[in-house]
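**Student:** Listed below, chain by chain, are the residues.
Number of protein chains: 2
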Amino acid sequence: MADKAQIQEAIKTQGEVVRKLKAEKASKEQIDEEVAKLLELKVQLGGDESRHQFTLKTAKGTRDYNPKQMAIREKVFNTIISCFKRHGAENIDTPVFELKETLTGKYGEDSKLIYDLKDQGGELLSLRYDLTVPFARYLAMNKVTNIKRYHIAKVYRRDNPAMTRGRYREFYQCDFDIAGQYDPMIPDAECLKIVHEILSELELGDFRIKVNDRRILDGMFAVCGVPDDKFRTICSTVDKLDKMSWEDVRSEMVKEKGLSEEAADQIGQYVSLQGGMDLAERLLQDAKMSQSKQACAGLTDMKQLFSYLQLFQVTDKVVFDLSLARGLDYYTGVIYEAILTQTGPVPVAAAQNGAGEKAEEGVSVGSVAGGGRYDGLVGMFDPKGRKVPCVGVSIGIERVFSIMEQKAEASAEKVRTTETQVMVASAQKNLLEERLRLTAELWNAGIKAEVMYKKNPKLLSQLQHCEDSGIPLVAILGEQELKDGVVKLRTVHSREEIDVSRAKLVEEIKRRTLDV
Amino acid sequence: MADKAQIQEAIKTQGEVVRKLKAEKASKEQIDEEVAKLLELKVQLGGDESRHQFTLKTAKGTRDYNPKQMAIREKVFNTIISCFKRHGAENIDTPVFELKETLTGKYGEDSKLIYDLKDQGGELLSLRYDLTVPFARYLAMNKVTNIKRYHIAKVYRRDNPAMTRGRYREFYQCDFDIAGQYDPMIPDAECLKIVHEILSELELGDFRIKVNDRRILDGMFAVCGVPDDKFRTICSTVDKLDKMSWEDVRSEMVKEKGLSEEAADQIGQYVSLQGGMDLAERLLQDAKMSQSKQACAGLTDMKQLFSYLQLFQVTDKVVFDLSLARGLDYYTGVIYEAILTQTGPVPVAAAQNGAGEKAEEGVSVGSVAGGGRYDGLVGMFDPKGRKVPCVGVSIGIERVFSIMEQKAEASAEKVRTTETQVMVASAQKNLLEERLRLTAELWNAGIKAEVMYKKNPKLLSQLQHCEDSGIPLVAILGEQELKDGVVKLRTVHSREEIDVSRAKLVEEIKRRTLDV
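Which chain is which? The protein sequence lines are D and G, in order. The opening position of the first sequence corresponds to residue 1 in the numbering used here, with each subsequent residue numbered one higher. The opening position of the second sequence corresponds to residue 1 in the numbering used here, with each subsequent residue numbered one higher.
The shape of chain D in the complex, shown without the other chains:
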């Protein structure tokens, strides 16, 4: 390790670099990088002068949740969890980090986004990238061959954060998966039903669920004359159709990926198609498509899927869309993705960045749920390669949070961050002990109660606290009330006050706060 003097020298120089970049208004990324180097030097040096200048931030791409955000988050989670429970799901949890090797070779080129832990001796560890691979590891490790489970937890991706659009490096996933050997498309249909229920209940505006099948895609590529070794890379180009025009996608296929123009154009024919069961039937008759066994298998299942979706009454939102590809390697059958079609409210930050008008034109927050069938993943972990067929869906909750936060900002009624039913207050001095005694009585009776941590607080400040945090009732103690064995119970919004005997107080508070 270099000596103090050297480091201090290095810090000075690096400090200049940072100041210069800031002066030049260099890109945030560039500045962050240099600041990080500076930070690193200061950590080496230790000592205080570093701390105050730098630590007052959270890590790049992460955020704290304040009480208001947590109140909203709790509401959203309750909606999602009760849906999962309504469908009979069990709950599991896995560690936030896995052996590095467990994640190796599961995410294709996205693997570069995995967070590794520092090698401090012992095992090589990485933060989980999603909840699906740990789930597959769990199944293989515990020899579970069928389970319907949900798992709600944070996952980690060293991606370029776009926090205004609700894209973070640490974010929640809410996963529901069905593992087991069952008759075709029944669990798959339930997953889509769940997406439909959750997005409807969250009232995020109108949405659409695109459905496709990896076998249909691969079959299509085959009959369009895509060489086998180009399937994946062409697939990932097709995946860009939600962001890029067909012209741009086509030229990427031809110019960058060396696909023949004929093949590209044939693909163009197919990926423009959208429909329902009817489309699946048409394609089964399609001269070219019908030549591919894979495609036919996928199309037959797609018909089956839609028949179940009709029973579930969710076909109004579901579209069979041949342009849906999805990135992840491990999908083997049906794939789906839900998008919000309405203009979401404009995230404040975005608006500030002048993205306002774009939003009004109707910017979509993009995919809010996605998933599919992955019948091969568990086998990758099983010593004997035993397969456990799985299908699941993941709700991308951060975007939902951003929208809900905006709604809350917009709406008049303010979000409560506590559930306190009553404030124990006093107008007179020297009643702290009486206030504490009564508060304890209420706590012991299961009442949610607060008391000010002051010997002699002003009544006004006690009432103000109720106004601010939406506490509906105040129990006011005074010499007279104590003599009479009563409490003055005040309703905050109406300001109406009545005397209630100590004996009846708990009951009265419960009666008046049934809704809380």
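By construction, these hints were calculated from the structure, which means they are not laboratory data. Where hints are given, some of them may not hold.
[To be verified] Straight-line distance between alpha carbons at most 27 Å, and here's what the computed DSS-like set of lysine-lysine pairs gives:
(1) G/Lys384 - D/Lys387
(2) D/Lys112 - G/Lys68
(3) D/Lys454 - G/Lys317
(4) G/Lys57 - D/Lys112
(5) D/Lys118 - G/Lys75
(6) G/Lys118 - D/Lys60
(7) G/Lys57 - D/Lys154
(8) G/Lys154 - D/Lys75
(9) G/Lys154 - D/Lys384
(10) G/Lys317 - D/Lys85
(11) G/Lys118 - D/Lys28
(12) D/Lys143 - G/Lys68
(13) G/Lys384 - D/Lys12
(14) G/Lys12 - D/Lys384
(15) D/Lys57 - G/Lys317
(16) G/Lys384 - D/Lys154
[To be verified] Covered, in the sense of this in silico footprint (three residues per stretch, anywhere, with C-beta under 8 Å from a C-beta of chain G), are these stretches of chain D:
(17) 176-185
(18) 246-260
[Claimed, not checked] Covered, in the sense of this in silico footprint (three residues per stretch, anywhere, with C-beta under 8 Å from a C-beta of chain G), are these stretches of chain D:
(19) 83-94
(20) 111-117
Every residue gets a Cβ at the ideal spot worked out from N, C-alpha and C, and that includes glycine.
Mind docking chain G on chain D? Use the hints.
**Tutor:** Quick look at chain G alone, frame taken from chain D:
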């Protein structure tokens, strides 16, 4: 990087090492270390042969939670959260990792247990070690000067795991803290009231809450003639009194830490003292103690604290114990720790390791909650060093889980892992569509319902699933029922069946499962 051949060679050699250690029944730690090295080599090599042999485990010191464990965990969390809400706490969340620097210099020598992330460019990050330092960072960063909040999340310590005693490297903490400038000991008393409520409600058996004050400890050291620069190290020796005899503690002080025998013996006099308000009063009169301003301040507050604890009716479990020291550096005033005094049930694993009889003699699972006042921590983050007084408590939930799991094992009634109210079944073939249609009707009416993902499941297997997972009702469909527009509703435990009209079914299921 070495070439493939070299690595393969190294893998072979390392493989031998591991096999040899296993043959010699070497210590688990030792084997783990060597296996990790082997693993590392195989990761370098990549390829499949490594995966199947090794990844089927979770990282050292971590565990998965299966549905049964999650059901128990949910119950425990609900008890704790409703207590926190009863006391009017708001909820916040912070990222799982912080800038490394944020954690630097907060944990004394425990800092070596912090998990660092690998430097992949950008900022240097570490996994949080507790929830207190991130909370202080949050307060300073958001200029919050008073808040009552709870935070339930996982923290990370590269400690030697003792999983049989519920000690892990990844574990939950449930923290409740009160930040703000208030009159002395009122928030402190509420924290102790909360510990009392939670440990009582969890029914973990009898418990005791030890209380002391950093100022009393320091004052005591001063009047006993401990040199100022030895306070912290002597303090950490005193902290061992719950595990070591006084003799051993004394000799560590004298032999290892070079304290004079006189000083050690004087300390011995004090740390043997336990009591309540009376003891605080006695020590205020104590010739030696009364010479220390610090001690007197601590003792006066201790009296105040006990007077509030009397109002809260919790003095039955609280002991003023001068031997309580607690490790963490950041405490400045009152400190406390709760321990279970009863013999906990014997953890299975422990019993297997022959720790059984020790358990019967009455092994305590040790501390289940702890906390104290830390008035200086926020100031360490504030650019201007502005202080925000804080007091808080942390519930060490993993040990509680272990106990609850044991209780569940012991008790007859089995833990339900789902909340499903009804199973939609059929005795006849070709009724899949009817089952799906009815199930969707129930889901849409908010009923928790399951259906088998088979075209023609056996009635017996459908009923068996209900027995296994505790589903109380079965809605049976048959040709006849469909004709009559009814459903046969079967109560699983009594096997009694009645016909219910489709129109009344939802209402009837709700009526029969009110308790669920």
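**Student:** Which hints, by number, does the structure contradict?
**Tutor:** Numbers 1, 2, 5, 9, 10, 15, 16 and 18, in rising order.
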